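Novice: Listed below, chain by chain, are the residues.
Protein chains: 4
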Amino acid sequence: MAGNTIGEAFKITTWGESHGDTVGVVIDGCPPGLEITRQDIQKELNRRRPGQGELTTSREEGDRVRIMSGVFEGKTLGTPIAMMVKNKDSRREDYEDFKDIYRPSHADFTYEKKYGRRNWMGGGRASARETLARVAAGAVARKYLSKNFNLEIVSWVQQVHDICASQINVDEITAGDVEDNSVRCPDYKAAQKMEKRIKDAKKEGDSLGGVIKLIARNCPAGWGEPVFDKLDALLAHHLMSIPAVKGVQIGSGFAAARMKGSEHNDSFIREDGEIKTTTNRSGGIQGGISNGMPVIAEVAFKPVPTINKPQETLNSKGKKVTMAAKGRHDPCVLPRAVPIVEASCALVLADLALRQQAIKNYHK
Amino acid sequence: MAGNTIGEAFKITTWGESHGDTVGVVIDGCPPGLEITRQDIQKELNRRRPGQGELTTSREEGDRVRIMSGVFEGKTLGTPIAMMVKNKDSRREDYEDFKDIYRPSHADFTYEKKYGRRNWMGGGRASARETLARVAAGAVARKYLSKNFNLEIVSWVQQVHDICASQINVDEITAGDVEDNSVRCPDYKAAQKMEKRIKDAKKEGDSLGGVIKLIARNCPAGWGEPVFDKLDALLAHHLMSIPAVKGVQIGSGFAAARMKGSEHNDSFIREDGEIKTTTNRSGGIQGGISNGMPVIAEVAFKPVPTINKPQETLNSKGKKVTMAAKGRHDPCVLPRAVPIVEASCALVLADLALRQQAIKNYHK
Amino acid sequence: MAGNTIGEAFKITTWGESHGDTVGVVIDGCPPGLEITRQDIQKELNRRRPGQGELTTSREEGDRVRIMSGVFEGKTLGTPIAMMVKNKDSRREDYEDFKDIYRPSHADFTYEKKYGRRNWMGGGRASARETLARVAAGAVARKYLSKNFNLEIVSWVQQVHDICASQINVDEITAGDVEDNSVRCPDYKAAQKMEKRIKDAKKEGDSLGGVIKLIARNCPAGWGEPVFDKLDALLAHHLMSIPAVKGVQIGSGFAAARMKGSEHNDSFIREDGEIKTTTNRSGGIQGGISNGMPVIAEVAFKPVPTINKPQETLNSKGKKVTMAAKGRHDPCVLPRAVPIVEASCALVLADLALRQQAIKNYHK
Amino acid sequence: MAGNTIGEAFKITTWGESHGDTVGVVIDGCPPGLEITRQDIQKELNRRRPGQGELTTSREEGDRVRIMSGVFEGKTLGTPIAMMVKNKDSRREDYEDFKDIYRPSHADFTYEKKYGRRNWMGGGRASARETLARVAAGAVARKYLSKNFNLEIVSWVQQVHDICASQINVDEITAGDVEDNSVRCPDYKAAQKMEKRIKDAKKEGDSLGGVIKLIARNCPAGWGEPVFDKLDALLAHHLMSIPAVKGVQIGSGFAAARMKGSEHNDSFIREDGEIKTTTNRSGGIQGGISNGMPVIAEVAFKPVPTINKPQETLNSKGKKVTMAAKGRHDPCVLPRAVPIVEASCALVLADLALRQQAIKNYHK
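Chains U, G, R and H, in that order, are what the protein sequence lines are. Following the working numbering, the numbering of the first sequence begins with 1 at its first residue and continues without gaps. Following the working numbering, the numbering of the second sequence begins with 365 at its first residue and continues without gaps. Following the working numbering, the numbering of the third sequence begins with 729 at its first residue and continues without gaps. Following the working numbering, the numbering of the fourth sequence begins with 1093 at its first residue and continues without gaps.
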């Protein structure tokens, strides 16, 4: 009802305001016997962390995860896995100036309308800090998928502002390729331009949008639940719930709108004894169910609303005010959002894997 | 778990294969005392029905809805509202030829991988016939929203193939404008071109994709549940679960990726005593919660995979075959999908309205 | 939220007022490939039907089930199984006298307080007619459990008023034994006394309570989900939701309150290579999880509130009135409640079987 | 699916093995603006804590709760409230002897059958330590109910072994009366006998069962959701999920089985302008919905299985062994279970209050 739980078989519940005591997550439904270490989780959190390079905010969060239950002698027990990260002490004075201001395109106004009050020390639950919980849970989902299905999830920055990557071989790109530069774009020429564009935006006190592309390989055919919990529908739900996301497309996406059926249809063929499709405009999903081809999606992020340029807006009394964000902010969240997008995909797939597992022995 | 239920407070569960006995829906959670007639439902089903004009398939389905519970003396009781539509008798011989064929970009292959078997007489649950149940439930949601909040949902065909509507005033367009032509595009010049393009595709035995645009007006601020059941995330989930949908965007959508924060941010202003925003790139949603501005979304549909042109594919033994759909098929589902998109929006908003209602008296 | 759905993996949603158009159920999550016929369902409905003998009400309901989806060529598809039974036309005049009366210990008053209105033609959703939907769904669950696990569920009338069965060998009793007499008590001497007591109550225009006992054999060890969806907790939930139930106990039940640990503990032993317990005070459940021993429960029913004796009560204007039920009513629902109790047990076990199936391959 | 979440509108998710790092809970759905302090929670945890007196185990757990989110400046935000208690360091050697033993009537065997492994250092999730999370969440639910409805929940020890309280005026008993003696039985003569009986059991190295009785006053009419989430059904679910509970009864309970309708029915009367019933055999619930009278339930606890007397059982290799628990154990958990029973009741009622709130303005 209140929206802090997602998933059915691999279910997660998250908590934590950006400047509250902790941010955390409970995973319920992770199968027993999976090897998991604190480092498996920490590694993903580090990829999401600000302050990894010059391109992101220089606030050092140092998010050290603590596993609070569900793992015993290095393996999951089948019981809930709770994890948390302590927040740094917030300085009240950093936020007091904005306490009564509805920052443009932030959630200050909507939270007040919804709840009658809000934690004005930062963005509360609307802050991207919340995604830390998803990334921690996603790391467990990922390990489960990798170990049991050899399933592999890779995503990268495909576009920043109007610079689009063009030299990427989707079928061969690896996680290592993505980590090779700080903008997480494996088309190195595009990456250099993106870096420059981000630095320029930083100087201007402005921010930039972009697109992240996602691929999941070795996803078995048969995952996804008709008619509402289709694989594409759950991906759309999960990805659209990431802060700043404004669009999601699967396979051919919006480009499909301009196509004819004879151009768009993926024909089945047999290759090495396996049934595949010649093309993959379906993005690995037909009728909401995986068909064994790579699952492919793209996610559009708006430019983050926090900018240092002065803006006009209202305060909570309805009076006009001019404001400018202080301090250092991420001019472009795309590089840090890569592990968040991957975590979302892992969470959806782990959930659907278990749901399919529940019925699959009865196919007779 | 098995994915045929969606919503929490205004929850629907649907059933029915395209050529089974019936297709139906149970609504659980509709508040008591709402006036509802069979005609309220039938009206929306008629908009979705094939055979409305030359542009859609000429199969006459004549879907007459039956209300099986939950309404007494013209008003809802608060108990489950079950509704169903009887399927026409299917002729086994119409489908026998395709019984063992994996039609390209259909769900035949994935259903078999998932369940080990399928109802090969038509598309089963993957058929667009399933959406009839959503439209019936959406009609109830819509009435509830209209009566209690004066909330208004309008959607229309924005694009067919490469023809885009350009003369539409989003703020003023009405349901009547949309119904004025058979392609449901209220830019009349574009509509004429779309009609011609659809007829041409029909002649070619091909199909066309397109885009539907959606607006919901008078949505109160405060609807949407952080962090997973954000209004935009639920919309994306619901819309992406409609057959043939490949992309969903909210407000600025993918265009946001090319923008700077200073261009994208919506400033708050006061107008007639109310807080509004000068622009609406947020699409009426900030931090996943409605802000009182119109909710705006766009949905991309692929060209439907059923085409009369011959195509190569495999049968279930893995042997190559050439097939061509027989009979008359919708070359472009967009006009008929308009009420489906509206129903999805109504179902999401009714659900979030009740969820907000559960907590809103406690803001003190 | 509105409570007409239960179960997670084997989930059911029911609809229907006692004198509305139909009563029905959707099962979501039944695995594909299970053989199921209309007769499998009808057989259980017939056991629940009134008018089976002299002991129950002589209204003939003739509840003929219709399978509306999810079964194709004699087997389940994995898609939702919807079933319904048409209600007989109700005669408005039969109920008009009680339209404004709060019948003692009925739900007339509470439904009005909850919903502001109610279907006064009969008991609406509070009527035992609703249980028809559970019994239909339970028949499918039962078939699934029987076919896949050889699991067997038997229940019987253990007590009517102050007459208790004493000559029943719980380990050996069969479904056939139970069906052997119209009171469904396999202790034949007790059964004769019960029959007489029920006939006497009928003559007096009164009603009688009683107890039903339940056993499930061949339930594999490992079913039940800590900590809230324990097997015993789900059984208690399901059984307590049956109209007129006032108490549920598992294994030793309330008698355990008077025992010492040294008397109550069930010791593990090895028998024919299998681990069993010497006694079964746990009722087959330890820590909320089945241990492989028979699952045993007892359910207390109050005497139904509809009696022909005159009673004082209030009408909806708060005025005192004297009323007496007209027509013929079941003086004791216990015999007809036997299939309802069994259905509840089957629904709980099928749900937990699938939930366990989702994780059980990962025990390594 | 995995059973660690309960409730829909006021939903809780718990985590933690008895000897893991922490035990905790997330509440999702608590309305905003509720005043809550750490002390509100701690007070209830202290009542549940062992080592309160001579009658309970003398292990000092000192469970200090930490509120990790959802409360800001003394009031709830409407966002998830996460709370945790750190476990004391467990000494591996305390448990190593029992590592491979299936303790009689414990969950060692069933957890291994379910998950293939278990945390053998204590009872894991089957330990009563898990109830700490429910009590913490229940304290918040209780405060919400008390502040908004003046609702009052009291429970007490009604029976220990064969000693039953008889001098209790259910209508007038207060929380203070219950706390007046260490056995939490407000019939002081019975309490003295119970105390002696418990001390004797301790000396014998044995344990005792008993019964707790529960009353909730000022529960508004209209709470409870037909047909599966009836107030009595949810109470039964919640209470039966408490470790060691074997039976639950509502109002007249099992005694109803011996009654006639004419004896059992509660007649409606008008008193001080309000509609009440002359008797309350319904336990405040009719048709699964509260009727405004006190909600009354009883819960049977088995004697805890941990006893110092030697017992025969098997180890995980199937070999016979004789074992005796070491150290000090609670011979009777009833006094400590009183706050657990109250918390369960509070959680059920808060959930149903919000669910009713979602629809109640529409009764027109």
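What the hints contain is simulated information worked out from the structure, not anything from laboratory work. Treat the hints with caution; some may be incorrect.
Output of the computed footprint for chain U on chain R, the stretches with three or more beta carbons under 8 Å from beta carbons of chain U [stated by the list, open to error]:
| # | segment |
| --- | --- |
| 1 | 729-740 |
| 2 | 756-763 |
| 3 | 769-775 |
Computed list of lysine-lysine pairs in DSSO-like fashion (alpha-carbon distance at most 27 Å, straight line) [to be verified]:
| # | chain 1 | residue 1 | chain 2 | residue 2 |
| --- | --- | --- | --- | --- |
| 4 | H | 1452 | R | 927 |
| 5 | H | 1452 | R | 827 |
| 6 | U | 86 | H | 1167 |
| 7 | U | 260 | G | 407 |
| 8 | H | 1239 | R | 988 |
| 9 | G | 724 | U | 99 |
| 10 | U | 88 | H | 1295 |
| 11 | H | 1167 | G | 724 |
| 12 | U | 360 | G | 681 |
| 13 | H | 1352 | R | 1037 |
| 14 | H | 1135 | R | 1004 |
| 15 | G | 567 | U | 276 |
| 16 | G | 567 | U | 260 |
| 17 | R | 988 | H | 1191 |
| 18 | G | 681 | U | 276 |
| 19 | R | 816 | R | 827 |
| 20 | R | 921 | H | 1352 |
| 21 | R | 827 | H | 1178 |
| 22 | H | 1352 | R | 1054 |
| 23 | H | 1285 | R | 988 |
| 24 | R | 924 | H | 1352 |
| 25 | R | 1088 | U | 360 |
| 26 | G | 511 | H | 1452 |
| 27 | U | 360 | G | 463 |
| 28 | H | 1411 | R | 988 |
| 29 | H | 1295 | H | 1401 |
| 30 | G | 624 | U | 189 |
| 31 | H | 1368 | R | 1054 |
| 32 | U | 43 | H | 1178 |
| 33 | G | 724 | H | 1239 |
| 34 | U | 75 | H | 1452 |
| 35 | G | 683 | U | 276 |
| 36 | G | 624 | U | 203 |
| 37 | R | 988 | H | 1401 |
| 38 | H | 1191 | R | 1004 |
| 39 | R | 931 | H | 1285 |
| 40 | G | 640 | U | 317 |
Quantities reported herein were computed from a predicted structural model and do not represent experimental measurements. Ideal Cβ placement from N, Cα and C applies to all residues, glycine included.
Novice: Decide, hint by hint, whether the structure agrees.
Specialist: Here is what the structure says about each hint:
1. 729-740: Coverage by chain U holds here, the residue count being 3 at a Cβ distance below 8 Å.
2. 756-763: holds (count 5)
3. 769-775: violated (count 0)
4. 1452/H with 927/R: Outside the cut-off at roughly 44 Å; violated.
5. 1452/H with 827/R: holds (22 Å)
6. 86/U with 1167/H: Distance of about 21 Å is within 27 Å: holds.
7. 260/U with 407/G: Roughly 31 Å separates the two Cα atoms, so the pair is violated.
8. 1239/H with 988/R: violated (41 Å)
9. 724/G with 99/U: holds (22 Å)
10. 88/U with 1295/H: Outside the cut-off at roughly 51 Å; violated.
11. 1167/H with 724/G: holds (15 Å)
12. 360/U with 681/G: holds (21 Å)
13. 1352/H with 1037/R: holds (11 Å)
14. 1135/H with 1004/R: Violated: residue 1135/H and residue 1004/R sit about 43 Å apart, past 27 Å.
15. 567/G with 276/U: violated (30 Å)
16. 567/G with 260/U: At roughly 13 Å apart (the allowed maximum being 27 Å), residue 260/U and residue 567/G satisfy the hint.
17. 988/R with 1191/H: Cα-Cα ~25 Å, so holds.
18. 681/G with 276/U: Distance of about 14 Å is within 27 Å: holds.
19. 816/R with 827/R: holds (19 Å)
20. 921/R with 1352/H: Holds, at about 16 Å.
21. 827/R with 1178/H: Cα-Cα ~58 Å, so violated.
22. 1352/H with 1054/R: Roughly 18 Å separates the two Cα atoms, so the pair holds.
23. 1285/H with 988/R: Judged against 27 Å, a Cα distance of about 16 Å means the pair holds.
24. 924/R with 1352/H: holds (15 Å)
25. 1088/R with 360/U: holds (12 Å)
26. 511/G with 1452/H: Roughly 15 Å separates the two Cα atoms, so the pair holds.
27. 360/U with 463/G: Roughly 22 Å between the alpha carbons, so the hint for residue 360/U and residue 463/G holds.
28. 1411/H with 988/R: holds (26 Å)
29. 1295/H with 1401/H: holds (10 Å)
30. 624/G with 189/U: holds (22 Å)
31. 1368/H with 1054/R: holds (25 Å)
32. 43/U with 1178/H: holds (25 Å)
33. 724/G with 1239/H: Between residue 724/G and residue 1239/H the Cα gap is close to 15 Å, so the pair holds against 27 Å.
34. 75/U with 1452/H: violated (48 Å)
35. 683/G with 276/U: Roughly 13 Å separates the two Cα atoms, so the pair holds.
36. 624/G with 203/U: The given pair, whose Cα atoms are some 13 Å apart, holds under the 27 Å limit.
37. 988/R with 1401/H: Judged against 27 Å, a Cα distance of about 11 Å means the pair holds.
38. 1191/H with 1004/R: holds (19 Å)
39. 931/R with 1285/H: Between residue 931/R and residue 1285/H the Cα gap is close to 47 Å, so the pair fails against 27 Å, i.e. violated.
40. 640/G with 317/U: Cα-Cα ~14 Å, so holds.
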